[in-house]
Each structure stands twice: as structure tokens, then as C-alpha cells.
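Protein chains: 2
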Amino acid sequence: MTAPAPSLSGHLANVLLCTDPEKKRFVTREVPEVQVSFEGFVGDRHAGLTRLADVRTPWFPRGTVVRNTRQVSVVSREELTEVAHAMGIPHVMASWLGANLELVGVPRLTHLPPGTRLFFPEEATLVMEGENQPCIHPGRAIEAHHPDLKGLASRFVKAAWQKRGLVGWVERPGLIRAGDEVRVMLPPPVTYSLPAAPVPVAARQEQVA
Amino acid sequence: MTAPAPSLSGHLANVLLCTDPEKKRFVTREVPEVQVSFEGFVGDRHAGLTRLADVRTPWFPRGTVVRNTRQVSVVSREELTEVAHAMGIPHVMASWLGANLELVGVPRLTHLPPGTRLFFPEEATLVMEGENQPCIHPGRAIEAHHPDLKGLASRFVKAAWQKRGLVGWVERPGLIRAGDEVRVMLPPPVTYSLPAAPVPVAARQEQVA
Chain A
1 MTAPAPSLSG HLANVLLCTD PEKKRFVTRE VPEVQVSFEG FVGDRHAGLT
51 RLADVRTPWF PRGTVVRNTR QVSVVSREEL TEVAHAMGIP HVMASWLGAN
101 LELVGVPRLT HLPPGTRLFF PEEATLVMEG ENQPCIHPGR AIEAHHPDLK
151 GLASRFVKAA WQKRGLVGWV ERPGLIRAGD EVRVMLPPPV TYSLPAAPVP
201 VAARQEQVA
Chain R
1 MTAPAPSLSG HLANVLLCTD PEKKRFVTRE VPEVQVSFEG FVGDRHAGLT
51 RLADVRTPWF PRGTVVRNTR QVSVVSREEL TEVAHAMGIP HVMASWLGAN
101 LELVGVPRLT HLPPGTRLFF PEEATLVMEG ENQPCIHPGR AIEAHHPDLK
151 GLASRFVKAA WQKRGLVGWV ERPGLIRAGD EVRVMLPPPV TYSLPAAPVP
201 VAARQEQVA
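First to last, the sequence lines map onto chains A and R.
Going by our numbering, the first sequence opens with residue 1, and the numbers climb by one from there.
Going by our numbering, the second sequence opens with residue 1, and the numbers climb by one from there.
In short, the hints are calculated from the structure, not lab data.
In this text, a Cβ means the ideal position worked out from N, Cα and C, and glycines have one as well.
It is possible that part of the hints are untrue.
Said to hold, decoys possible - Some but not every residue of chain R turned toward chain A, in silico, with C-beta under 10 Å: (1) Val55; (2) Glu123; (3) Glu129; (4) Pro173; (5) Leu175.
Turn these sequences into a full structure, and let the hints guide you.
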């Protein structure tokens, strides 16, 4: 048996949706609450049971229909404050990154392992797939808010490394509201390592000599 | 950047299905191949986009409709040989455990972390959710094959600890055949730990004294 994971919780500062019907914009805007179905956040551009493989899943041919495990994007206010500091700007808004949820109070959010669950008070439960690796698009959104500063877009990728939050999918439908308390449950810790390879005879002899 | 995971592969000794229409039996039987959809293995009793929460998910009220991430059960022939040895019987068949896939050649299969992908030659791709913890039912199936030996059912739970394989779900549909080569891709390694808590002044003084 493994030791129980520490109990973690936080609260939800913001719920955000991207509702551009033409899917040309990825930035999100704040809403007071969202209905959560097995497809994702109702009305958000990333909702769906499946998605088309893209640059995030280079092990599939581009355009392959695969299960959508990137329904929802989650960021940490504390991490975004660190990103802003590293970029030399006052703040980085969750909406500029196209995030759906902005949490406060969960330490090292982006480091939570795959399989971590987020429980919300009104039944909705999300499972985290993994880190959302920074790309240049949010950097461009940030740049658009600071036309006087040069090179912010490319600086974002470095500044946001391991601080850009997580993506995940809906395990249980429900309702999520801004201000909700959020309970975080880590999966059992696992470490995979290959069994030690047998040392070849020649190498053993060298070790002895 | 993290170091790339070692490349792992194995092959598929058996494909098995549980097709009891009344869902009274959980043991599986060998088939030459299986069609794989987003619901799981076509015709298997565990197929479905959703499932009802049970003893495996005690954080949900029993019977809650949740996403089905236990569509498929995967075991390792090498691990089952170890289980049989620990139980003092000649072999433990994958079918007795209700497994759907029996792999050969993937070391320490049950320890593969959540998010591990199994790629098959004809497009099907599975993602592992995590360990399938042993319960007493497969032990009873084993006992039925050895009516002369007493107490096998309860010994199974101990003998199969961390050797009972994994459960997972379909990321990409396709076809899986007995004898297929299987490519295994580990997710990026992650270790989550809480930041060190600031030491209270009183405790610091004790440490100094």
C-alpha cells in the first residue's frame, strides 16, 4: 500500500469560455458558471467527445479522429503571476491563454500528475491528462496587449514552461461556478523503471580489472 | 525537457472477450481478433462510453454515471506466471481474470504509469488508466479449476498484488489481432510534491536548541 496523498484544495477564481462560432479566436471570456457534459464545457470551442489529432499528438497522422482528452484547460493564478514576472509585465490573464478555469491555492498546479481529479461542489469532476505545453499563440495574445514591448510572444514560451497549466476531460457531468471550492485528488504515485539489464561478461571483467 | 522514455515493445499473445449477454460471468474467452471502437472492444461486457460508479471508484456515490475509463483489461503473461508460482499452481490463465489482452515481453507491465499508450499495427490505440487492483472474483475462478486445493481465492489477492495488470480505454479505434506487435509509449515522467512548508518559529527554536 502506498501512503495516502496529501489532501489538496483550492478555489475557482474564474470560469471562462471560448464561444467564437467560427473558431477563429482561442481567447476566452469570463462567465459566472458553466454546464459540464461528457463532451466538455457546453458552448466552448474545445467541447466534443472526439477531436482531430494535431501538433499536440505527433504520434498520430494529423487529422486522425481520436478521443478528446483536451476538453478543458486549467491554469493557476499563482503560476500566471510568476509568468508575468518573468516576462516583465504586470499580469497575464487566464483569458489570454484560452484557459477555461483559473484556480487559486493549489501549489504547483502544472506539476500535478496525469490522473489527478478535480472535484467541484455540484457534481462535476474533471480528470487531468497532463501539462499544456506553451506555444506561441498565447504569447501573441499577450503581445497584442503590450504593443510597446517587443518579443513578448517568443518570451512567453520560455517564461510559461511548466507554468501554463493542465488539460483534461470530464469524468462526471455537473455545474461549475466561479468561486467554487475545488478538491484535488492525486492518483497513487507510480514510478516505472525497466529491470536492470544483465551486465555482459566483458563489462563485468572490465569492472573487476 | 525531460529525457525520452526508453522504447518498449512486446507482442500480443491473446485477445479475449466476455460476451455473456446476461453479464453474469466475467471470465473471457480467446478470439482471433477484435474490432475496437470508442466504446471499447465490440461485444465485450465492459464496452460503453459510460459506466456506473462501483467499488473501484469509492469517491462517487455507487451507481453514478461516469465516463468509462475501464473499457479494457490488460495482463502480462510473465506476471501471471509469477502469480501462479506464488500460489503454487501450474498456471493462471488470462481468461480466468476476465482479461481482454495478454501481452508478452513488456517488463513490469502493472507498474506502467497512467497515460501510457499501447499502439497496435492496425490503428487501434489504448491509454492505460492505472492498476487493476486484485479482488476475490478471479481467485474464485482459479479455485474452480483446482477443487483439491483450499484457500486459493484469498491467496490470489495477495499473490496478484501489483501483478494483475492494468485497465484502460480506447483513444483511437481500429482492429487488434492475436500475435500483433505492440508498441508502448510512456508519458513524460512527473513527480508531484508539495512545496516545503515554512517552518514555524517555535519549531525552528527547538531545532536550534
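Hints, one by one, checked against the model:
no.: 1; hint: Val55; result: 16 Å, violated
no.: 2; hint: Glu123; result: 8 Å, holds
no.: 3; hint: Glu129; result: 7 Å, holds
no.: 4; hint: Pro173; result: 8 Å, holds
no.: 5; hint: Leu175; result: 15 Å, violated
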